[in-house]
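Undergrad: The primary structure of each chain is shown beneath.
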Amino acid sequence: MMEPQTITPIGVGDVVQTAQKAKDAGCRLVLMSCTKIADDFEITYSYEKDLKMTHYRITVKQDTVVPSISSVYFGAFVYENEIHDLYGIHVSGMNVDFKGTFYKTAVKHPFSVTITKGGDA
Amino acid sequence: MTKQIVVPFGPQHPVLPEPIHLDLVLEDETVVDAIPTIGYVHRGLEKLVEKREFTEYVFIAERICGICSYIHSNTYCECIEQIMGIEVPDRAQYLRTIWSEYSRMHSHLLWLGLFADSMGFESVFMNAWRLREHLLDDMESTTGGRVIQGVCKVGGVRKDIAPEKLDEMLKGLKGIERELQDLTTVFLDDSSIKNRLVGVGRLSCEDAYQLGAVGPTARGSGVDIDLRSTGYAAYGKINFKPVVEHGGDCYARCAVRAKELFTSIDIIEQCIRKIPDGPVDVKVTGAPDGEFFARSEQPRGEVIHYVKGNGKKNLVRHRVRTPTFTNIPPLVTLLKGVELADVPVVVLTIDPCIGCAER
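Residue numbers (the working numbering), protein chains in the order written: chain A, 1 to 121; chain B, 1 to 359.
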């Protein structure tokens with residue numbers, strides 16, 4: 001079995017500072033992931049150094065403005081644009097902002113609704 | 001200041017089998033900026049966890065990509081197994097490793113062929129794909145599928161490989177290894193290929209790491225990241241050394257893939273010699289309740305499957321971060337400063353798989 005993974009909850013205001021600390025510690029950004037849980041959205045930031053991952057998580061509402069970490073990790077813009085386009089969560093201060101055109105989806109913010117088996121949203 | 005013009009590259013282009021678009025900002029013939037656009041064929045496969053039970057979803061996870069299909073199913077299964085505490089039998093872990101390395105080899109040969117074709121080396125292209133056919137034949141005879149294998153399942157694998165077949169594969173790999181020596185010599189030593197690749201599209205070690213490059217794109221710039229070193233499947237019982245080059249240019253990225261073919265053969269040979277007897281699967285009961293990030297080394301680099309379950313048959317979330325997706329920011333950076341005529345070759349050296357990125 002692989003080693004257990006722990007996810008540290010942080011506040012929205014701590015996102016950039018946590019990213020900067022991770023970068024200062026020599027970590028790379030490996031993943032940003034969003035999950036809809038009932039009316040909330042979990043955004044998880046995963047960093048890695050020497051093949052060991054650390055995870056930080058914020059839990060937000062859809063209308064929360066989440067600060068971009070692209071000033072710290074340039075490559076974060078792909079994750080942040082994806083989260084905006086699929087979940088409708090606004091990310092402020094992205095270095096490359098596609099303004100909702102990163103993914104061309106038939107339904108706006110398709111991952112912000114939950115489909116139940118055998119039915120629609 | 002030189003006048004800037006924007007040249008669209010893609011989404012339809014001879015070197016791009018799948019659609020990605022780049023707006024290339026040029027000053028004379030030199031690229032000074034590149035703005036990527038994807039999303040032409042986004043399929044939203046991750047959303048299907050709400051419609052398919054977690055055991056059925058393996059087949060969807062495998063269909064994320066038609067090249068590294070097997071490794072997607074393998075990584076997804078590992079994710080579920082970690083959440084549910086399932087101990088996969090050793091023999092299944094070795095079989096998973098063997099099929100993973102076959103996937104890597106056929107992907108690298110496909111890429112070497114396409115790369116040769118992009119430079120006008122038609123015969124090298126055909127030779128690379130001829131050798132790839134032998135590997136696909138072995139995949140088909142052991143799993144039943146050439147592109148989509150459907151052999152991995154939660155708790156193990158669906159098929160075993162008989163000892164006689166393993167011996168036959170071993171002999172076949174010896175023959176392929178000899179032919180690969182000739183093929184890779186062309187990529188590594190031919191002066192016209194070197195003229196085309198050396199010093200073109202440089203990505204520094206620092207940039208590769210900070211921008212999140214993975215796979216041969218990272219290892220070609222001296223970043224020693226190879227998820228096989230974490231020991232998942234049977235890799236922990238196998239001796240191998242990741243191939244790392246330090247040039248950071250198109251030649252280095254090509255060299256990593258060429259040399260990794262031999263590493264894969266060595267890993268498969270070790271697996272065949274060490275594979276234990278025993279069952280290839282265990283019975284799975286219940287449903288996953290928890291979350292896990294599983295990582296594997298695909299031919300294009302690190303893939304991450306994240307799964308969250310709540311104890312029901314349908315998962316709450318499946319999220320896949322593919323290597324091509326995270327190699328887009330490094331691609332933007334390494335395009336800056338290259339000549340327009342070199343853009344197709346530079347784009348190909350990250351081995352873009354848009355099917356994966358647009359899962």
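Simulated from the structure, these hints should not be mistaken for laboratory data. The reader is advised that the hints may include incorrect statements.
[Said to hold, decoys possible] With a straight-line cut-off of 27 angstroms between C-alpha atoms, the simulated BS3-like cross-links for lysine-lysine are: (1) A:K21 x A:K49; (2) A:K36 x B:K51; (3) A:K23 x B:K336; (4) B:K336 x A:K61; (5) A:K108 x B:K336.
Undergrad: Can you name, in rising order, the numbers of the hints this structure does not satisfy?
TA: 4, 5
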